[in-house]
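Trainee: So for the sequence shown, numbering that gives the first Met the number 0 puts the first residue at 0; every next one is plus one.
Rather than coming from a laboratory, the hints here were simulated on the basis of the structure. Keep in mind that the hints are not guaranteed to be accurate.
For lysine-lysine, the following DSS-like pairs were computed, each having C-alpha atoms within a straight-line distance of at most 25 angstroms [stated by the list, open to error]:
(1) K114 <-> K1
(2) K87 <-> K114
(3) K61 <-> K1
All values derive from a computational prediction rather than experimental measurement.
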Amino acid sequence: MKARVKWTEGRQFVAESGSGHSVVIDGPPDHGGRNTGPRPMEMLLMGMGSCTAFDILNILDKARADVTDCVAELDAQRADEVPAVFTKIHVHFVVTGRALKEKQVARAVELSAEKYCSASIMLVNGGVEITHSFEIIEEART
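Could you put the whole structure together from the sequences, leaning on the hints where they help?
Mentor: Here you go:
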């Protein structure tokens, strides 16, 4: 896997993934940025959230669960001192669908956390405490 991060001005960068997708990353004005994109640590948190949500959708898809929406809400705490690393992250999944089984969703969350999500497992191995919760929203049949 490769990526390229190019400084543009101030504290703004354009990051390009090896697959050819780009995103602007920037800092706040009080640190020389213009607030034109997410902060680097926000990108890291969003990447972890999308990694685990990706896993959960794959797992539930294989179980033939009728999922219509999946949202991962992340709440992170960082150390007060430099380096201001993540110390705790809580991920709350809101999974919407038809006739979803609580046991299936719980198992998908567990498998992502313990076996499949490279990003969250890497953070756990680095000392970050990651917790999970979920809720299921039943979508009415139309």
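Trainee: Can the restraint linking K114 and K1 be considered satisfied, given a maximum Cα separation of 25 angstroms?
Mentor: 23 angstroms, holds
Trainee: For the pair we were handed, K61 and K1, check the Cα-Cα distance against 25 angstroms.
Mentor: 29 angstroms, violated
Trainee: Mind checking the alpha carbons of K87 and K114 for me, to see if they're no more than 25 angstroms apart?
Mentor: 19 angstroms, holds
Hint compliance for this structure: hint 3 is the single one not met.
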